[in-house]
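Engineer: So the sequence lines, in the order shown, correspond to chains H and V. Going left to right, the first sequence walks through residues 1 to 65 as this note's numbering numbers them. Going left to right, the second sequence walks through residues 1 to 313 as this note's numbering numbers them.
Incorrect hints may appear among the rest.
[What the hints assert, rightly or not] Calculated from the model, a selection of chain H residues having no Cβ within reach of chain V, i.e. all distances over 10 Å:
1) W13
2) M19
3) S23
4) V28
5) A40
6) G64
[As the list claims (entries may be wrong)] List time: in silico BS3-like cross-link candidates among lysine-lysine, alpha-carbon distance up to 27 Å:
7) H/K5 <-> V/K32
8) V/K140 <-> V/K124
9) V/K140 <-> H/K42
[Said to hold, decoys possible] Simulated DEER-style distance windows between Cβ atoms:
10) H/V28 <-> V/G127: 40 to 48 Å
11) V/G293 <-> H/G29: 20 to 28 Å
12) V/G127 <-> H/A52: 51 to 59 Å
13) V/T288 <-> H/W13: 38 to 46 Å
14) V/G262 <-> H/K11: 28 to 36 Å
15) V/G127 <-> H/K27: 45 to 53 Å
Derived by calculation from the structure, the hints in this document are not laboratory data. Quick reminder that beta carbons are idealized off the backbone N, C-alpha and C, glycines included.
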Amino acid sequence: METAKVIYRKKEWEVAAGMTVRSAIEKVGVDPSTVIPLRAKKVVNEQTLLQAGDELKLVNVISGG
Amino acid sequence: MKCDICGGLAIIGMPQNRLNLCEEHYQAWVLKMVQRAIEHHHMFMPQDRILVAVSGGKDSLGLWDILTRLGYQTEGVYIHLGITHEDYSDVSQHKVEQFAAERGLAYQVVNVRQTYGQSIPELKSTGRGKHLCAVCGLVKRHIMNRIAYEGGYACIATGHQVDDEAAILLQNALHWQSGYLGRQGPVLPSTHPRLARKVKPLCRLYERESAAYALVRGIDFVEQECPYAVRATSIFYKQILNQIEARSPGTKRQFYDGLVEGKANGELVFHSDKVDEEPALNAQDYQTCPHCGQPTLGSGLCAFCRLWEPPHE
């Protein structure tokens with residue numbers, strides 16, 4: 001199966017290629033409203049389809065203090 | 001997903017605004033939203049010098065970038081708190097310095113330990129102050145007021161956005177802290193010549209939108225969370241509000257805007273008899289700290305100077 005990688009807070013997951021960014025975020029148990037997805041250091045929308053070999057980095061947007 | 005303006009590839013969808021935008025039009029939209037907030041709330045004028053409080057995070061560095069692009073006169077101030085866990089304060093300072101150097105912006109750094117003798121964690125370990133975040137807030141407010149007064153800045157701009165404000169509002173409303181509710185808003189007026197006017201130009205942006213702007217602009221900000229804020233109550237309230245927002249987009253903004261508009265048109269009036277919640281309304285209500293000279297509501301040393309024993313030099 002062709003896969004893409006999801007990276008969030010030093011953790012990595014493999015997800016199926018062809019999945020939307022939003023589905024991938026939910027698949028790894030992250031709330032989509034709390035992150036911005038980056039592919040190749042570019043912001044991508046949640047409906048973007050992941051290609052085989054893609055690396056999707058999720059940047060946390062919620063800060064405290 | 002297509003950009004609602006040009007039909008190009010959208011990078012972000014904002015259900016609360018029913019708006020999808022590409023990179024170019026998203027940046028333009030953010031600049032417009034911030035400029036509108038500045039004008040609507042009469043925050044400052046083009047000729048004013050603005051002190052931007054920067055932490056190295058997405059919101060404050062994004063704010064500095066936006067104000068610079070809008071043509072305002074800005075200088076930054078970074079307060080090094082002495083948080084050594086994963087070199088948090090050093091890394092944050094480096095991000096600020098790098099940001100300013102790349103853009104040729106002026107800034108100053110105040111190192112709490114070098115200036116006053118102890119870092120924030122060291123100060124807290126001596127048993128002074130109830131909670132580290134409260135001590136940190138007190139120290140930062142004191143320093144920012146001092147820098148703004150000494151430098152003659154028109155105001156201090158901070159990177160608070162809708163999520164920050166809505167979380168504070170929820171917390172204060174749940175505990176009916178009417179004094180704090182009365183003080184909250186996009187502009188905190190100066191009530192004494194040595195207490196700076198404070199403004200929040202990102203008050204119309206969601207935290208997610210602020211982060212997206214910083215990423216689109218290629219701003220290298222600190223992604224790690226302050227180690228003392230990991231379990232902060234504000235994060236818990238933000239998560240609760242995000243759950244509500246997912247069911248009903250726009251709720252966070254309506255919640256906060258309702259407070260701001262209600263206070264502006266007189267429908268909401270708050271009053272508190274608690275000294276720590278209710279600020280003095282004019283300069284005559286204050287006394288002067290005999291050590292640092294900053295205004296204080298009680299007699300004797302101000303709350304900042306009482307943190308240090310003996311008082312800092």
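Engineer: Each hint needs a verdict: does it hold in this structure or not?
Structural biologist: Comparing the hints with the structure gives:
With a closest Cβ-Cβ approach of about 18 Å to chain V, H/W13 is found to remain outside the 10 Å limit, as its non-interface label requires. Under the 10 Å C-beta cut-off, the non-interface status given to H/M19 relative to chain V holds; the minimum distance is some 16 Å. Even its closest Cβ contact with chain V, about 14 Å, leaves H/S23 beyond 10 Å, as expected for a residue assigned away from the interface. Distance to chain V confirms H/V28 as a non-interface residue, since its nearest Cβ pair spans about 17 Å, more than 10 Å.
With a cut of 10 Å on Cβ distances, H/A40 stays outside the contact zone with chain V, its closest approach being about 12 Å. With a cut of 10 Å on Cβ distances, H/G64 falls inside the contact zone with chain V, its closest approach being about 3 Å. Taken as a hint, the H/K5 and V/K32 pair is broken in the structure, with Cα atoms around 36 Å apart against an allowance of 27 Å. For the hint pairing V/K140 with V/K124, the CA-to-CA distance comes to about 14 Å; that is within 27 Å, so the pair holds.
Proposed proximity of V/K140 and H/K42 is contradicted: the alpha carbons are some 34 Å apart, above 27 Å. Roughly 42 Å separates the CB atoms of H/V28 and V/G127, a value that falls within the hinted 40 to 48 Å. Range check, V/G293 to H/G29: about 53 Å between beta-carbon atoms, so the 20 to 28 Å window is missed. The hinted range of 51 to 59 Å is satisfied by V/G127 and H/A52, whose Cβ atoms lie roughly 57 Å apart.
Range check, V/T288 to H/W13: about 58 Å between beta-carbon atoms, so the 38 to 46 Å window is missed. In this structure, V/G262 and H/K11 break the distance hint of 28 to 36 Å, their C-beta atoms being roughly 43 Å apart. Our hint of 45 to 53 Å for V/G127 and H/K27 holds, since their Cβ atoms are close to 47 Å apart.
The structure fails hints 6, 7, 9, 11, 13, 14 (numbered hints given earlier, in ascending order).
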